[in-house]
Amino acid sequence: MSQNSEEKRQVKTLERERLDLGRLVKVGEAGLRIVGDSVRRTDDVLKATGKLKYAADYPQEGFLHGKILRSPYPHALIRSIDVSKARELPGVVCALTGGDVPGRNGFGAILPDQPVICQDKVRYIGDGVALVAAESERIAQKALELIRVEYEELPAVFDPRDALAEGAPKIHETGNQISLDKLRKGDVEAGFAQADVILERTYQVPFLEHAYMEPDCCWAIPQPDGTMMVEGPMQAPFAVRRNVAPVLGVPINMVRARQIHMGGGFGGKEDSPIDLCCRAAVLAKHTGRPVRISLEREEVTLQTCKRHPMIMELKVGVTKDGKLTAFKSTVYDEQGAYASLGPKIPPAGGSHVHAMVMSPGPYEIENCWVDAYLCYTNHPYGGAMRGFGAPQVHIAHEQMMDELAAELGMDPVDIRRKNAFKLGSKTATSQVLDQSVGLRETLDACEERFGWSQRSDSAGWVDAAKTKRRGVGVAMGWYRTSIGTGGDACGANVHVHEDGSVILYSGITEMGQGAFTVLPQICAEALGVELEDVRLVKPDTDLVPESGPTVGSRSTTLMGNAIILACRQVRESLDQKAAEMLGVEPERLVFCGRKVFDRDNPDGKALEFRQVAAAAMASGMRLIGQGWWAPPKASLDPETGQGSPYFVYTYSTHMAEVEVDVQTGEVTVTDYVAAFDVGKAINPKALEGQIEGGVAMGLGYALMEKVVLENGMPQNMSLQNYLIPTMLDMPDLKPLVLEQTNQHGPYGAKGIGEMPNIPATPAVINAVANACGGRVRSLPANPEAVFWAIRELGGPPQD
Amino acid sequence: MPTPRFTFHQPQNLEQALDLVGMYRTNGKILAGGTDLVPKLRAGLMDVHHVVSLNRVPGLNRITFHEDDGLVIGAGARLADVALNPEVMKHYPGLAHACSVMATTQIRNMGTVAGNIVNSAPSADTAAPLLAYKAAVILVERGGRRHVPLTEFFSGPGLNVMEPMEIMEAIRVPSPPRRSGSAYLRLSARSKVDIAAVGVAGFLALDMDGVIIEARLALAAVAPTPLRCPEAEAMLAGQKPDPQLLTRAAAACVRACRPIDDVRATAAYRRKMVQVLAGRVIEQCYQTAERGDA
Ligand SMILES: Cc1cc2nc3c(=O)[nH]c(=O)nc-3n(C[C@H](O)[C@H](O)[C@H](O)COP(=O)(O)OP(=O)(O)OC[C@H]3O[C@@H](n4cnc5c(N)ncnc54)[C@H](O)[C@@H]3O)c2cc1C
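Just so you know, the sequences run in chain order A and B. Every number in our numbering is 1 more than the matching position in the first sequence, counting from 1. Every number in our numbering is 99 more than the matching position in the second sequence, counting from 1.
These aren't lab readings, by the way, just hints derived from the structure by calculation. Each residue gets a CB set at the ideal place from its N, CA and C atoms; glycine is no exception. The reader is advised that the hints may include incorrect statements.
As the list claims (entries may be wrong) - One side of the interface only, derived from the structure: several residues of chain B facing chain A at Cβ under 7 Å:
id: 1; residue: Ser290
id: 2; residue: Val292
id: 3; residue: Tyr368
id: 4; residue: Val375
I would like the entire structure built from these sequences, with the hints used as guidance.
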């Protein structure tokens, strides 16, 4: 993808703002050694040599194999279940139905509305109605075939608008509408009155599969003391523990959750391990034996969460010089069968509220009005997926910006520059952006590197035969760091030993994003030791402090701060000891590269870090630090959607060039530039990896991805038919990393994990529209959709 | 998914292979590259107790070309080998192209042309060019050998005229005349590494004045089997192509196809694409044919 990435990796620091304003976490800028360095990721070699063990690689001796019998109907009552034949099959150890769940028969990342084993009703194809544990997978599979279930089919609902209609079949007792969330700023009608142009457009996006490389796998092992240990690839071990405990009917301290290195998560493994661990734990509890559940790819598609589909009806007003005056949107956010991560955790947690808050885009608009419905349907359920509601709404507002620009005869870059956030801007929730707003800078950087004006001038026919047209597209984006729940805390422990080695305990998980590299980098920097001195203890709820989930682009920033605070506690002892030993004031000490010396006399006497650590330990001083950090308080008025829901945002601009075969609708992305304001790049190379992967994902969303559902049944369950981009679909990608210091972040960092895939989708779609005139408002823009969009226009532009 | 269990046989010559295939005709399967078979076995789609590998049978992987006899592709020849074979690239560019763009590098290194044909998917990428080249397959069984023209080989999605005791030994492709040209174009929902949603192959032979003596067109992924387009072929024979003729011949190809809606594309779109690709294929064939005596 980027052969010459060394040359491309240029991190540009925009501004080092008043770092002293940082709440709690104040760091000296001078002499950063490890932070900012593209050290090799700690798991790279293990992965490249195949030595890293994923869950499926662990030995299975002594394990029972769990299987789930799933509903074939999207909506039905369970009349009866007979598992007796299954129980009689030799090798079957237990076959369980709803009544067998020892504690609460429900789990869920936010609301426990999903049965561990459905008892009276199923709500989607994939709902579990019985569980089996057997000596082998084969026997367990056979046993499922012996279970007799009588269903009474109910009418099903597959469109969120139908779900809201009066008399619609009720999916949950609480009704189909989970919430109607509102955002009200200014007076939209007055805003429309000021507008010269008003456009109304509906944009639609489908269910998406995460398509993480590693299908889900987990196990539960009953411990002699009555503890249940669950292990597997998981993004949120604490959420797993919080669910398994009540399902077993035991307190939280009787469940231990441990993460195994993930082969990709993208938000999906926030939910699915809750599901699998609860079920494995119930089977383990009944049998008293370790139980393993491992899903096939098709089962992952059937059973686990997806990216929420949305229907977004926009009406936007703009003056003739391109100033946005009013934004109005009605969002139908399809939750599917279960609540998962959709509903609100006050004030601003949950994907739905996040989507609502982000929906007017990173633009100054005086008057905003959003009605956002979240509804149950009988489809699979929506969960977290890289962007948590933000990619969907970006697809709407970024297309709308281009449609408005076209209507005004304006350059898409100019209309964005006219409205984009800057320092001091007020968002749609009236939050004042008082720091770290590098959005315009990303636009400038992108424009220059991409050569926007030349390229947009040369858009048009590529070949003499007039089969292909070239076009360019731009999209901007913003994304929060953290989750806006008001309880978004992270804890870390740091143990320094007498030989100068360090153990870092963190509950942030590794799924390929580089947390296990970046967090030790921060720890080593904060203590003044080398990276190899820090060993990370992997997430294990028995060992590490609660860290919350590894989601929301929060890990580096929130955990980074917790680590710095933990290091600081230890440094208090070390400072005191070293000051004694060197005979200088503690304030003058510098800890750097395993050495401790006097700032004012750097060539004078230096102590070894380990000497100081050993001396501190011998005098009984504290060498264990614990840091906790939570972002500044979030707020969002439940009636008006006004407040400060998230404490800082990452900003980005993407530019894409595409070629469209106007006769077939095939699209090739030929060039790509993506610029980001990340606050601080802790590890620029790892960050670039996030950008490349994220853009690929966004490109898939634009051009090919969709879970095709027929009567609630996924039609493309394997990766043969569920298409995601391959390396061959990727353009030459040039990432640009800018740093506009985040005063609340460790060394100025903000989140980056989700941002890269968000503007990628509309940038590509806009480029397609620019090339061929056809705009696909209901994704994906696969060749067929592009072909029909061009036909609808009556053919491609002829110029 | 529990891994399927079966006995794996590795015959050392064709006779042994034929014996085994005869013996296990009800519950055995032949394995070449395994790229179609293994996924099906893993998905539990077949009740197979014996797998007979052809990979140790000597000589099966040959690819030979003679001006007079044409091309012989042994049943063991890998897609990648066919794609990169200089004679195939020179004389059968449509086939070389099909073998180089289908599937993935790994699959092309394992999969065989014969396996692609025996598997008989409607979307089989090598089928359309081989039909356009008038290929025939050589089927052997204990005590017998028969040649079946490819036009008579396919009988439905995944179905063909082979008997359970038969092994495909090779594929024969006639030598192309001078002043001929051929091509294959395919389209899929994802441009790379994806099963074709539409495939069109063509072959044109010209006389010295540039008049088409013979035309053959074949389609994949738009009917229950890969198929030829006799109506379009007849339209082109005896003519010099002009834009109207191309459009009419391509429209005749559309009439030949019987596409369905599936997750990859709708039938309506497939028809439109047959029109586009057939036009392009005919043009490409004509240009290469005119250019040289290849
Ligand atoms: C990821 C992936 C992508 C793919 N993409 C494409 C694609 O783009 N286009 C496409 O056309 N196909 C594609 N395929 C399908 C497959 O790779 C091809 O059909 C390949 O050519 C099959 O050859 P094989 O040698 O692997 O066949 P095998 O799997 O070994 O055999 C296929 C069938 O033929 C039988 N068989 C094989 N050889 C003989 C013989 N000599 N005599 C009698 N019976 C025989 C087997 O019993 C089996 O039923 C793809 C497959 C995968 C897994």
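Evaluated hints:
{"no.": "1", "hint": "Ser290", "in the structure": "holds, 6 Å"}
{"no.": "2", "hint": "Val292", "in the structure": "holds, 5 Å"}
{"no.": "3", "hint": "Tyr368", "in the structure": "holds, 4 Å"}
{"no.": "4", "hint": "Val375", "in the structure": "holds, 5 Å"}
In summary, the structure agrees with every hint in the numbered list given earlier.
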